[in-house]
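Given chain H's structure and the hints, the job is docking chain X onto it.
There are 2 protein chains.
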Amino acid sequence: MRKLPEITASETVATSRLFRVEKVGLRFANGCEVEFERVPSGRHGSVLVVPMLDADTVLLVREYAAGTHRYELGCPKGVIEPGEDPLAAANREIMEEVGYGARRLRYLRPTTIAPGYFEHTTHLVLAEDLFEERHPGDEPEEIEVVPWRLSALAELLTRADFTEARSIAALFLVREALREAP
Amino acid sequence: MRKLPEITASETVATSRLFRVEKVGLRFANGCEVEFERVPSGRHGSVLVVPMLDADTVLLVREYAAGTHRYELGCPKGVIEPGEDPLAAANREIMEEVGYGARRLRYLRPTTIAPGYFEHTTHLVLAEDLFEERHPGDEPEEIEVVPWRLSALAELLTRADFTEARSIAALFLVREALREAP
Numbered sequence: 001m002r003k004l005p006e007i008t009a010s011e012t013v014a015t016s017r018l019f020r021v022e023k024v025g026l027r028f029a030n031g032c033e034v035e036f037e038r039v040p041s042g043r044h045g046s047v048l049v050v051p052m053l054d055a056d057t058v059l060l061v062r063e064y065a066a067g068t069h070r071y072e073l074g075c076p077k078g079v080i081e082p083g084e085d086p087l088a089a090a091n092r093e094i095m096e097e098v099g100y101g102a103r104r105l106r107y108l109r110p111t112t113i114a115p116g117y118f119e120h121t122t123h124l125v126l127a128e129d130l131f132e133e134r135h136p137g138d139e140p141e142e143i144e145v146v147p148w149r150l151s152a153l154a155e156l157l158t159r160a161d162f163t164e165a166r167s168i169a170a171l172f173l174v175r176e177a178l179r180e181a182p
Numbered sequence: 001m002r003k004l005p006e007i008t009a010s011e012t013v014a015t016s017r018l019f020r021v022e023k024v025g026l027r028f029a030n031g032c033e034v035e036f037e038r039v040p041s042g043r044h045g046s047v048l049v050v051p052m053l054d055a056d057t058v059l060l061v062r063e064y065a066a067g068t069h070r071y072e073l074g075c076p077k078g079v080i081e082p083g084e085d086p087l088a089a090a091n092r093e094i095m096e097e098v099g100y101g102a103r104r105l106r107y108l109r110p111t112t113i114a115p116g117y118f119e120h121t122t123h124l125v126l127a128e129d130l131f132e133e134r135h136p137g138d139e140p141e142e143i144e145v146v147p148w149r150l151s152a153l154a155e156l157l158t159r160a161d162f163t164e165a166r167s168i169a170a171l172f173l174v175r176e177a178l179r180e181a182p
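So the protein lines, in turn, are chains H and X. In this text, residue positions in the first sequence follow full-length UniProt numbering: the first is 1, and each later residue adds one. In this text, residue positions in the second sequence follow full-length UniProt numbering: the first is 1, and each later residue adds one.
Next up, chain H with everything else stripped away, as it sits in the complex:
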């Protein structure tokens, strides 16, 4: 494993309510010096949950996404609150977004969105053995819940409104996990 580059300088160059951009000076092991921009996480990461209503039915959500200015289909997700662990956050999010809690939660793995720029980590969680339980969320309109068969994943992957790499990765990982340990 290579030695990590040394951070020679660090400065905040832009700040908004949600984002902080940092400029870092880096000296690589070969002596090369560069300046890169990065976005520190600033929070506790997020969770993205695959709630299985039965062995083949995943509960997706269709929700307005301000980044792409489209309604996007994907897995329920949300920011982890201070002091909350990823599994607790996953259970809270599905109660808020799909109206179910889970008796069984399996931690799948941490993922990053674009590690060259963003520190942010998203923890992928499989939620099973669901029970009805709706908690109020903070969304501007009711989230539409869209049941989808995991056995019809190929069809989902042809849809123009199912684009999020984290949701694609999560559904494949869940399909593998359920095959290995149902």
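These aren't lab readings, by the way, just hints derived from the structure by calculation. Note that the structure is a prediction, hence the values are computed from the model and not measured. Accuracy of the hints is not assured; some may be wrong.
[Claimed, not checked] Label-pair ranges, simulated between beta-carbon atoms:
{"id": "1", "chain 1": "H", "residue 1": "ILE7", "chain 2": "X", "residue 2": "ASP56", "range": "35 to 41 Å"}
{"id": "2", "chain 1": "X", "residue 1": "VAL34", "chain 2": "H", "residue 2": "LEU53", "range": "28 to 34 Å"}
{"id": "3", "chain 1": "H", "residue 1": "PRO147", "chain 2": "X", "residue 2": "LYS3", "range": "20 to 26 Å"}
{"id": "4", "chain 1": "H", "residue 1": "ARG149", "chain 2": "X", "residue 2": "GLU155", "range": "27 to 33 Å"}
{"id": "5", "chain 1": "X", "residue 1": "ALA154", "chain 2": "H", "residue 2": "GLY45", "range": "38 to 44 Å"}
{"id": "6", "chain 1": "X", "residue 1": "GLU180", "chain 2": "H", "residue 2": "PRO147", "range": "21 to 27 Å"}
{"id": "7", "chain 1": "H", "residue 1": "ALA152", "chain 2": "X", "residue 2": "PRO182", "range": "18 to 24 Å"}
{"id": "8", "chain 1": "X", "residue 1": "HIS135", "chain 2": "H", "residue 2": "ALA152", "range": "40 to 46 Å"}
By construction, the Cβ of each residue, glycine as well, lies at the ideal position given by its N, Cα and C atoms.
Then chain X, alone, in the frame of chain H:
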């Protein structure tokens, strides 16, 4: 399909060399008004490429990622240049990052990284029938090329330095594509 919320106001609230954060006012169909932050793409999107050296060997790269301040294992990727189409960008990127060009390029699908916040699109591309061709890139140090067997994807998914959701999604999609149309 629901009617998109109306954008009632839009203002740049933070700018750096690479990023611009916009605050938008939104009025949803139900009358609810909110303010969200979003990061417009500002560029032409990026490509993430799965270069197959043979039917089972994918060429991954291990590269320093400033966002996570770690060396990350993943698929070669890069920003699309003005006027370039995604397949041409994919071929250029693998010449720069892994030292191969491809005689066959298959467009897999567009993906987003976190559509609630980022407009950015990453196009996933499968590159096959490779030939040796190295072009200079703009990296501060030589990129390490790591051949990996697609049939050993499960082992790759246990590694702590393979985290990027786009790379995870791309390798699963390629495995499906090669099964359906080798």
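Worksheet item: Is the hinted range of 35 to 41 Å satisfied by the C-beta distance from H/ILE7 to X/ASP56?
Response: holds, 39 Å
Discussion item. Holds or violated: the 28 to 34 Å window for the beta-carbon distance between X/VAL34 and H/LEU53?
Written reply: holds, 30 Å
Fill in: C-beta pair X/HIS135, H/ALA152: status relative to the range 40 to 46 Å that was hinted
holds, 41 Å
Item to complete: Determine whether the Cβ-Cβ distance between X/GLU180 and H/PRO147 falls within the hinted range of 21 to 27 Å.
Response: Roughly 25 Å apart at Cβ, these two residues keep to the hinted range, so it holds.
Practice prompt. Take the C-beta atom of H/ARG149 and the C-beta atom of X/GLU155, compute their distance, and say whether it sits inside 27 to 33 Å.
Written response: Given range 27 to 33 Å: holds, Cβ gap about 28 Å.
Worksheet item: Is the distance from the Cβ of H/PRO147 to the Cβ of X/LYS3 consistent with 20 to 26 Å?
Response: 23 Å Cβ-Cβ, so the 20 to 26 Å window holds.
Worksheet item: Is 18 to 24 Å right for how far apart the beta carbons of H/ALA152 and X/PRO182 are?
Response: holds, 23 Å
Discussion item. Can you tell me whether the CB distance of X/ALA154 to H/GLY45 sits inside 38 to 44 Å?
Written reply: violated, 24 Å
Violated hints amount to a single one, hint 5; each of the other numbered hints is respected by the structure.
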